[in-house]
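As you go down the protein sequences, you meet chains H and W in turn.
The first sequence begins at 1 in UniProt numbering and counts up one residue at a time.
The second sequence begins at 1 in UniProt numbering and counts up one residue at a time.
Some hints here could point you the wrong way.
Identical chains blur together in the list; that is why a pair holds if it fits in one copy or across any two.
No farther apart than 20 Å at their CA atoms in a straight line, the calculated lysine to any residue pairs in the SDA-like style are these [claimed, not checked]:
| hint | residue 1 | residue 2 |
| --- | --- | --- |
| 1 | 247 | 269 |
| 2 | 76 | 53 |
| 3 | 198 | 37 |
| 4 | 265 | 288 |
| 5 | 251 | 272 |
The set of hints was computed from the structure by calculation and includes no laboratory data.
Keep in mind the model is a prediction, meaning the values are calculated, not measured.
2 protein chains.
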Amino acid sequence: MRVAVDAMGGDNAPVVEVEGAVAAVREFGIPVTLVGDTDRLRQELAKHDCKGLDIVVHHASEVVGMHDSPSDAVRKKKDSSIRVAFELVKAGKAAAVVSAGNSGATMAAGMFVLKRLPGIDRPAIAQVFPTLRDRTLVLDVGGNVDCKPLNLVQFAIMGEVYARSVMGIANPRIGLLSNGEEESKGNDLTRETTAILKNISFDYAGYVEGRDIFYGLVDVVVCDGFVGNVVLKLSEGLAEAVGKMLKDEFKQSFIARLGYLLARKAFNNFKKKVDYAEYGGAPLLGINGVGMISHGGSNAKAIKNAIRFAHEFVEKGVNERMAEKLQANYPITVQQQREPLQDQAAG
Amino acid sequence: MRVAVDAMGGDNAPVVEVEGAVAAVREFGIPVTLVGDTDRLRQELAKHDCKGLDIVVHHASEVVGMHDSPSDAVRKKKDSSIRVAFELVKAGKAAAVVSAGNSGATMAAGMFVLKRLPGIDRPAIAQVFPTLRDRTLVLDVGGNVDCKPLNLVQFAIMGEVYARSVMGIANPRIGLLSNGEEESKGNDLTRETTAILKNISFDYAGYVEGRDIFYGLVDVVVCDGFVGNVVLKLSEGLAEAVGKMLKDEFKQSFIARLGYLLARKAFNNFKKKVDYAEYGGAPLLGINGVGMISHGGSNAKAIKNAIRFAHEFVEKGVNERMAEKLQANYPITVQQQREPLQDQAAG
Chain H
1 MRVAVDAMGG DNAPVVEVEG AVAAVREFGI PVTLVGDTDR LRQELAKHDC KGLDIVVHHA
61 SEVVGMHDSP SDAVRKKKDS SIRVAFELVK AGKAAAVVSA GNSGATMAAG MFVLKRLPGI
121 DRPAIAQVFP TLRDRTLVLD VGGNVDCKPL NLVQFAIMGE VYARSVMGIA NPRIGLLSNG
181 EEESKGNDLT RETTAILKNI SFDYAGYVEG RDIFYGLVDV VVCDGFVGNV VLKLSEGLAE
241 AVGKMLKDEF KQSFIARLGY LLARKAFNNF KKKVDYAEYG GAPLLGINGV GMISHGGSNA
301 KAIKNAIRFA HEFVEKGVNE RMAEKLQANY PITVQQQREP LQDQAAG
Chain W
1 MRVAVDAMGG DNAPVVEVEG AVAAVREFGI PVTLVGDTDR LRQELAKHDC KGLDIVVHHA
61 SEVVGMHDSP SDAVRKKKDS SIRVAFELVK AGKAAAVVSA GNSGATMAAG MFVLKRLPGI
121 DRPAIAQVFP TLRDRTLVLD VGGNVDCKPL NLVQFAIMGE VYARSVMGIA NPRIGLLSNG
181 EEESKGNDLT RETTAILKNI SFDYAGYVEG RDIFYGLVDV VVCDGFVGNV VLKLSEGLAE
241 AVGKMLKDEF KQSFIARLGY LLARKAFNNF KKKVDYAEYG GAPLLGINGV GMISHGGSNA
301 KAIKNAIRFA HEFVEKGVNE RMAEKLQANY PITVQQQREP LQDQAAG
């Protein structure tokens, strides 16, 4: 079971992609295909001892930049590393894709080449957050900015299956992100969504608030991609700001600096706990295949872990389980919002 | 110029309200009326040396609880401390209200008793956030969950005037919260809003992201109340979680504990920088009067500072300036969304 790595996508490509891939093959025995400029990749691979490692290089002549639009990237750059990586999956030459490139383009390429999972209207990007208790999966943090209730219901089902299968949570609790826990809170979207979620066969906890994400009150937090993106970037920004503010304070006196040095291990343990590299990437849920989106600034460790989780995603049959769960909750998950049905009703 | 304090609203009422009021009168010379159960308040006041301080008590027999619905609270509890406080403003016996109680009820009571500022469709609650550069005002963090573009435009104008008048920022930069900086990002609401904001006579910076709030990229961040509430509570939750995680790490070894003790001053300076009590409350913008909403868990210092900022809000003539700015940008700020106009166009 081979993982195709878009080796040209990230901010530090292809250096970290190659290093991470070599580490994944060596540590986990997962075969990897590096997709990108063959010359550049061979040159990078030469820096590593690859003897006996199942690593192959597959040529792609183009690269989707961080500022390319997702749809243009798919339509105009037909030989881009991200699109070619998904083509390898389509052709049965790989089982999953890992990319630290343009996440919108990765989502678009995945959908374009592999199509959607049956029963899913819009795929979502899910992100694992560290919490006081353990970890919480938040979705969508991707590009679904204007969602209908049914989109969020499908996100909830996909998130539940991923949490159960890959994160190893026995009976995941699902929460819907809102502006208060009471049923009287929420907006039009959450009120319609919560009414449907109550009828799905899983452990639905109702509304949760922003603070509950880091307290780990539930295992899966569902929201639209606009709100999810704000949550993701606010968290990154706040964590960085807190770090910088503390650092500035430590610089103010010799005693404080000494204290910092003594407590450094505690700081490093803390940093490790909140380090995205440990979680290895954000699964792209809802395409008919497996994609793992890593942070643009990923290091080799993040790429290595993304390859591991992509492998588990396939091994655990997550997509098959999602399709089953959608089927088991049919017709709740499809009947409410489909326009053709509404048109029929109106006509 | 007297400030009416809802002395029964907060989690620690009336202890911190009385203590904060006494401190505000003593330190800033601002006359205060404490509104609530007279017996209880006199009993609490007796703990302080109030000689020569201009503090009066005004009776209100009811209290709006944190779980009361805002509209019920106003309609059913006509003698509640929050409603009576606003009635004092209406009667000209006070110039501003401070409350650490149910924020939805405070907003509802303010609107019900004092009505809206001319040109404002929906009042908003604004919150000051500490940033790496200075401070950023975010609004709405209150109850406007499903907004129209015009609501956000009015929030932007109110925020700009508040930042200029009370926060002392000479030429505030305004940003619209979105899921990316590029114009191609955003949802239906932000796309329509940004088109209008470009024509307002202020320094509009376009879309900003979640991370930009703590970097202090702009002085005022505009969003709907659903997103703003998630931003507010996520920030509180993350800051608390980071504190707890660090504390746990420090407990792991003697050396780390020693380091923490030496660096304690740095930690305390940092805490002070992010302490909401320093900012004293969230201004309620858009009612025809002045209201300052303090955190439910406020301490006396937070109440004291809220009284100070409420006083400045009145002194600086913020409402008059907002009305002027709305007028100066007429008809952009009203013509786009008013249903009667749309109806006329359709008819």
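Exercise for review: Please name the hints from earlier in the document that this structure breaks, with their numbers sorted from lowest to highest.
Suggested key: Failing hints, ascending: 2, 3 and 4.
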